[in-house]
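If you're matching them up, the sequences are chains A and B in order. Our numbering applies: residue 1 is where the first sequence begins, and numbers increase by one. Our numbering applies: residue 1 is where the second sequence begins, and numbers increase by one.
Honestly, the hints are just simulated from the structure, not real lab data. A hint or two may mislead.
Identical copies look the same in the list; a pair holds intra-copy or inter-copy alike.
Unchecked claim - Restricting the straight-line Cα-Cα distance to at most 25 Å, the calculated cross-link-like pairs of lysine-lysine (BS3-like) are: (1) Lys58 <-> Lys178; (2) Lys229 <-> Lys321; (3) Lys44 <-> Lys3; (4) Lys58 <-> Lys90; (5) Lys216 <-> Lys90; (6) Lys104 <-> Lys216; (7) Lys212 <-> Lys224; (8) Lys229 <-> Lys108; (9) Lys90 <-> Lys44; (10) Lys183 <-> Lys351; (11) Lys125 <-> Lys24; (12) Lys108 <-> Lys224; (13) Lys92 <-> Lys216; (14) Lys44 <-> Lys307; (15) Lys313 <-> Lys44.
There are 2 protein chains.
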Amino acid sequence: MTKVHNYSAGPCILPQEVFEEASKAVLNFNNSGLSLLEMSHRSKDFVDVMEEARSLVKEVLNVPEGYTVLFLQGGASLGFLMAAYNMMGKNKKGGYLNTGTWAKNAIKEANFMGEGVVVASSEDKNFNYIPKGYAIPSDLDYFHYTSNNTIFGTQFKAIPETDLPLVCDMSSDIFSKKVDISKFDLIYAGAQKNLGPAGATLYIVKDEILGKSSVKIPTMLNLKTHVDKDSMFNTPPVFSTYVSMLTLRWLKKNGGIEWIEKRNEAKAHLLYSEIDANPNFEGTTAVEDRSNMNVTFVLKDEANTEKFNNLLKEANISGLKGHRSVGGYRASMYNALPLESVQALVDVMKKL
Amino acid sequence: MTKVHNYSAGPCILPQEVFEEASKAVLNFNNSGLSLLEMSHRSKDFVDVMEEARSLVKEVLNVPEGYTVLFLQGGASLGFLMAAYNMMGKNKKGGYLNTGTWAKNAIKEANFMGEGVVVASSEDKNFNYIPKGYAIPSDLDYFHYTSNNTIFGTQFKAIPETDLPLVCDMSSDIFSKKVDISKFDLIYAGAQKNLGPAGATLYIVKDEILGKSSVKIPTMLNLKTHVDKDSMFNTPPVFSTYVSMLTLRWLKKNGGIEWIEKRNEAKAHLLYSEIDANPNFEGTTAVEDRSNMNVTFVLKDEANTEKFNNLLKEANISGLKGHRSVGGYRASMYNALPLESVQALVDVMKKL
Chain A
1 MTKVHNYSAG
11 PCILPQEVFE
21 EASKAVLNFN
31 NSGLSLLEMS
41 HRSKDFVDVM
51 EEARSLVKEV
61 LNVPEGYTVL
71 FLQGGASLGF
81 LMAAYNMMGK
91 NKKGGYLNTG
101 TWAKNAIKEA
111 NFMGEGVVVA
121 SSEDKNFNYI
131 PKGYAIPSDL
141 DYFHYTSNNT
151 IFGTQFKAIP
161 ETDLPLVCDM
171 SSDIFSKKVD
181 ISKFDLIYAG
191 AQKNLGPAGA
201 TLYIVKDEIL
211 GKSSVKIPTM
221 LNLKTHVDKD
231 SMFNTPPVFS
241 TYVSMLTLRW
251 LKKNGGIEWI
261 EKRNEAKAHL
271 LYSEIDANPN
281 FEGTTAVEDR
291 SNMNVTFVLK
301 DEANTEKFNN
311 LLKEANISGL
321 KGHRSVGGYR
331 ASMYNALPLE
341 SVQALVDVMK
351 KL
Chain B
1 MTKVHNYSAG
11 PCILPQEVFE
21 EASKAVLNFN
31 NSGLSLLEMS
41 HRSKDFVDVM
51 EEARSLVKEV
61 LNVPEGYTVL
71 FLQGGASLGF
81 LMAAYNMMGK
91 NKKGGYLNTG
101 TWAKNAIKEA
111 NFMGEGVVVA
121 SSEDKNFNYI
131 PKGYAIPSDL
141 DYFHYTSNNT
151 IFGTQFKAIP
161 ETDLPLVCDM
171 SSDIFSKKVD
181 ISKFDLIYAG
191 AQKNLGPAGA
201 TLYIVKDEIL
211 GKSSVKIPTM
221 LNLKTHVDKD
231 SMFNTPPVFS
241 TYVSMLTLRW
251 LKKNGGIEWI
261 EKRNEAKAHL
271 LYSEIDANPN
281 FEGTTAVEDR
291 SNMNVTFVLK
301 DEANTEKFNN
311 LLKEANISGL
321 KGHRSVGGYR
331 ASMYNALPLE
341 SVQALVDVMK
351 KL
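Starting from the given sequences, assemble the full structure and let the hints guide the process.
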């Protein structure tokens, strides 16, 4: 069977060797005679998995002392709420950059127990750029942004400058490039892009923030609950955490963040060069804010749609349909997507 | 390799054929050339999985019209909070039966946005019985109980009588026996006992309750959010939902709830008979409240501990250690545990 070129926006492609090892673990984990799925999460076998996963996150991202790594449930959508609960201070106001759908959802949850203040927005141009040159009010408790915007294809090329505690939803570009973790007080990310399958959510928490919120927090939404219990307050998402650990092993073994950053840059360069050179296509975002993870583009002549779609199908390229709020095409090129898949897409674009 | 007799309290044993099919899906799902883990949750393949899982829950449990089935994240621990948020009415008071650790945790979350009123408790005897003959105050918005108490080995043999909206945490005995779903307004259950692996949480919601809470609810904790989006408001726990669907198929194919209820009764009868007949052992709970899922017992003479533990090990029986709050032994006999495993345990008990 010809392997599909999988451009799915998430859940998305993971390394083939990860699938192979995960498949075996479902039948017989660590030669225990038991499936990973039927083992107690308190067993030594699984506690080792959780600890290796947490430790690999620290190693691969070069997380400094004073931070705790958690694998929880709920997705970034629950993260929006948890971030606001845990970061609210005496002003009960968080500052947000509104860069699209996910940022908006994060702001909405801050308004539940405090106020989500929109510091700057790119909604005026359907989020096709990253806001710059804004002033940050001084009466905020924290500053929140979404590092990569999957739907609109924009990405922050630098960490915003602020003296406020910094919070970031890194769901769709964490582990894709080097990041100075010491700049952040809280990072959260749904696993289902560069880290693993759906069902796990990563938190990287600066220990200093714990227990300092000005609002009362329900047990499960309080990061301190989970930090105090080494990410095992309740039954964790066992399988998703395990597959995330396998993916982190793959990343480390191949050269870590430096290796993947170069590979991602090569993939992005290849595709954006074609978009810019090919008269049939046009990128949808400001050039300086283009995402290396999600490349959004349109056909200049919509009459070519059927022909292009057929060519994609013939080449076994899947998952390229753009999100309904932008239209056109979106090539999601997460860590595990090989350069060959991007070449296959570029070849099809040249054929049109 | 000799198969282990897996008495794990959860995550726990699931049918072998489920592991085999799940293992294949991790490599190549539905002959798509893609792993289930790398497919979009919006793909037809996965939407079909979610719909079949939801529909099988209705079929197997004979869920009447007017209820919606959801597969969400967070475990029953988040369910404690969601139940209280969604059920609070004009009194802002929920009534609870305190039958152990999980019931206590549920009460704590109700106190976050209202009041969790303890209607009756068995804490006076370390939760070794189910409270009976209590009066339910009339100024409550709902009545909550935990149908089976994994740690203490007690189980409700009948649904409590009340005119209040009825809420139940059925994490550890759902799908083990016939239940009249029409008596309930809300049922929730962590998947990792009779339904599937860790990472999914089942909700069965009476549609009538939606949108009627007297308190403001954060987006992700509002059941209406998920009902309105057919359990796909955000990325669902894809793999755990799929494995749950496979387990439900297995249950249906073998004869459904009537079949499993008889099998579970036979397993419980075999083990409790041995506990009562064997002078070396003693059950820890009130006889009339004994759980068919978690059988708790102790050695009458602690000097036999090492000998008994060695016999268990020789027979490849794992997961029998009691919870620290009760001590002794706990045999968790969820749906997929075969009668042969119980016979193996009884054989060891006779040998002592």
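Hint check:
Taking the closest pair of Cα atoms, lysine 58 and lysine 178 come within 25 Å of each other only inside a single copy of the chain (13 Å); across copies the shortest separation is 48 Å, beyond that limit. When the C-alpha separation of lysine 229 and lysine 321 is checked against a cutoff of 25 Å, the pair qualifies only between copies, where the shortest distance is 21 Å, while the shortest distance within a copy is 42 Å. In this homomeric assembly, lysine 44 and lysine 3 come within 25 Å of each other (Cα to Cα) only across copies, at 19 Å, whereas the closest approach inside a single copy is 37 Å. Taking identical chains as interchangeable, the C-alpha atoms of lysine 58 and lysine 90 are never at most 25 Å apart, the minima being 31 Å within one chain and 48 Å between chains.
Taking CA atoms no more than 25 Å apart as the test, lysine 216 paired with lysine 90 passes in both settings, with 13 Å inside one copy and 22 Å between copies. For the homomeric pair lysine 104 and lysine 216, the shortest alpha-carbon distances inside one copy (23 Å) and between copies (19 Å) are both at most 25 Å. Taking identical chains as interchangeable, the C-alpha atoms of lysine 212 and lysine 224 lie at most 25 Å apart only when both belong to the same chain, with a minimum of 10 Å there against 32 Å between chains. In this assembly of identical chains, lysine 229 and lysine 108 lie within 25 Å of each other by CA distance solely across copies; the values are 18 Å between and 29 Å within a copy.
With identical chains, the CA atoms of lysine 90 and lysine 44 are never at most 25 Å apart, being 42 Å at best within one copy and 47 Å at best between copies. In this homomeric assembly, lysine 183 and lysine 351 never come within 25 Å of each other (Cα to Cα): the closest approach is 45 Å inside a single copy and 63 Å across copies. Proximity of lysine 125 and lysine 24 under a CA criterion of 25 Å is satisfied in neither setting, with 48 Å inside one chain copy and 45 Å between copies. Within a single copy, lysine 108 and lysine 224 get their C-alpha atoms as close as 23 Å, and across copies as close as 16 Å, so both meet the 25 Å cut-off.
In this homomeric assembly, lysine 92 and lysine 216 come within 25 Å of each other (Cα to Cα) both inside a single copy, at 12 Å, and across copies, at 18 Å. Taking the closest pair of Cα atoms, lysine 44 and lysine 307 come within 25 Å of each other only across two copies (23 Å); inside a single copy the shortest separation is 55 Å, beyond that limit. Within a single copy, lysine 313 and lysine 44 get their C-alpha atoms only as close as 46 Å, which misses the 25 Å cut-off; across copies the closest is 17 Å, which meets it.
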